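Go ahead and model the full structure; you've got the sequences and the hints to work with.
Numbering (the numbering used here), first residue to last: 17 to 135.
These aren't lab readings, by the way, just hints derived from the structure by calculation.
All of these numbers come straight from a predicted model, not from anything done at the bench.
C-beta atoms are modelled at their ideal positions from N, C-alpha and C, and glycine is treated no differently.
Please note that a few of the clues may not be correct.
BS3-like, lysine-lysine: derived pairs with alpha carbons at most 30 angstroms apart [stated by the list, open to error]:
#	residue 1	residue 2
1	K94	K110
2	K127	K110
3	K27	K124
4	K87	K124
5	K87	K75
6	K110	K87
7	K127	K20
8	K75	K110
Simulated restraints, written as ranges between beta carbons of each label pair [to be verified]:
#	residue 1	residue 2	range
9	S58	E19	29 to 37 angstroms
10	K20	M49	21 to 29 angstroms
11	R38	Q106	26 to 34 angstroms
12	P60	S128	33 to 41 angstroms
13	E19	K75	35 to 43 angstroms
14	S46	V113	18 to 26 angstroms
15	R30	K95	40 to 48 angstroms
16	N22	P97	42 to 50 angstroms
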Amino acid sequence: MSEKTNPRMLKVWREAHRACVRSDDPDLTSRQMSVLLSVYMSEPPHTVRGLATDLNIAKPVITRALDTLSKLGFIRRKKDPTDGRSILVQRTVKGAVFLSELSDRIVKADKSIQVDAGT
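What follows is the structure in structure tokens.
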């Protein structure tokens with residue numbers, strides 16, 4: 017590994033992913049997860065155009081990710097009442113619960129790495 021690699025963080029990431037794949041939660045792609053985290057971790061309102069700009073990816077990529085996240089119930093799309101051409105992306109309780117459980121897995125993984133390292 018290079019000098020810039022943080023093995024501890026990679027171990028936490030690996031352990032958190034192990035917990036995720038063992039769960040019954042849906043497997044999200046990195047793009048879908050990035051879109052979901054952007055919606056939940058930055059202030060609304062969220063639009064396809066805004067998410068595409070924020071993540072520096074094409075609008076069709078955002079739309080496909082939102083299609084999946086919407087089917088899973090993690091986000092909701094609604095026409096912007098002030099601009100009929102724009103679609104607002106909204107948070108849902110199900111999406112918030114999903115991310116809360118993911119956060120718990122990451123914290124647990126972090127604690128297990130600390131115990132293994134003897135800290």
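Evaluated hints:
For the suggested pair K94 and K110, the alpha carbons sit about 17 angstroms apart, so the restraint of at most 30 angstroms is met. Restraint check for K127 and K110: the C-alpha separation of about 26 angstroms stays at or below 30 angstroms, so the hint holds. A threshold of 30 angstroms between alpha carbons decides the hint, and for K27 with K124 the separation of about 12 angstroms falls inside it, so the pair holds. Under the criterion of a C-alpha separation no larger than 30 angstroms, the hint pairing K87 with K124 is consistent with the structure, at around 28 angstroms.
Taking the CA atoms of K87 and K75, the gap is near 18 angstroms; set against the 30 angstroms cutoff, the hint holds. Restraint check for K110 and K87: satisfied, since their Cα atoms lie roughly 11 angstroms apart, inside the 30 angstroms limit. Only pairs whose Cα atoms come within 30 angstroms are accepted, and K127 paired with K20 is accepted, the gap being roughly 22 angstroms. Note on K75 and K110: the hinted pairing holds, with a Cα-Cα distance of about 24 angstroms set against a maximum of 30 angstroms.
Between S58 and E19 the beta carbons are some 32 angstroms apart, a value that agrees with the proposed interval 29 to 37 angstroms. Between K20 and M49, the C-beta spacing of about 23 angstroms keeps the proposed range 21 to 29 angstroms intact. The hinted range of 26 to 34 angstroms is satisfied by R38 and Q106, whose Cβ atoms lie roughly 30 angstroms apart. Look at P60 against S128: about 34 angstroms separates their beta carbons, and that is inside 33 to 41 angstroms.
At roughly 38 angstroms, the beta-carbon separation of E19 and K75 lies within the given 35 to 43 angstroms, and the hint holds. Between S46 and V113 the beta carbons are some 21 angstroms apart, a value that agrees with the proposed interval 18 to 26 angstroms. One distance hint, 40 to 48 angstroms for the beta-carbon pair R30 and K95, holds here, with the actual separation near 41 angstroms. Checking the proposed 42 to 50 angstroms range against N22 and P97 shows it holds: the Cβ atoms sit about 45 angstroms from each other.
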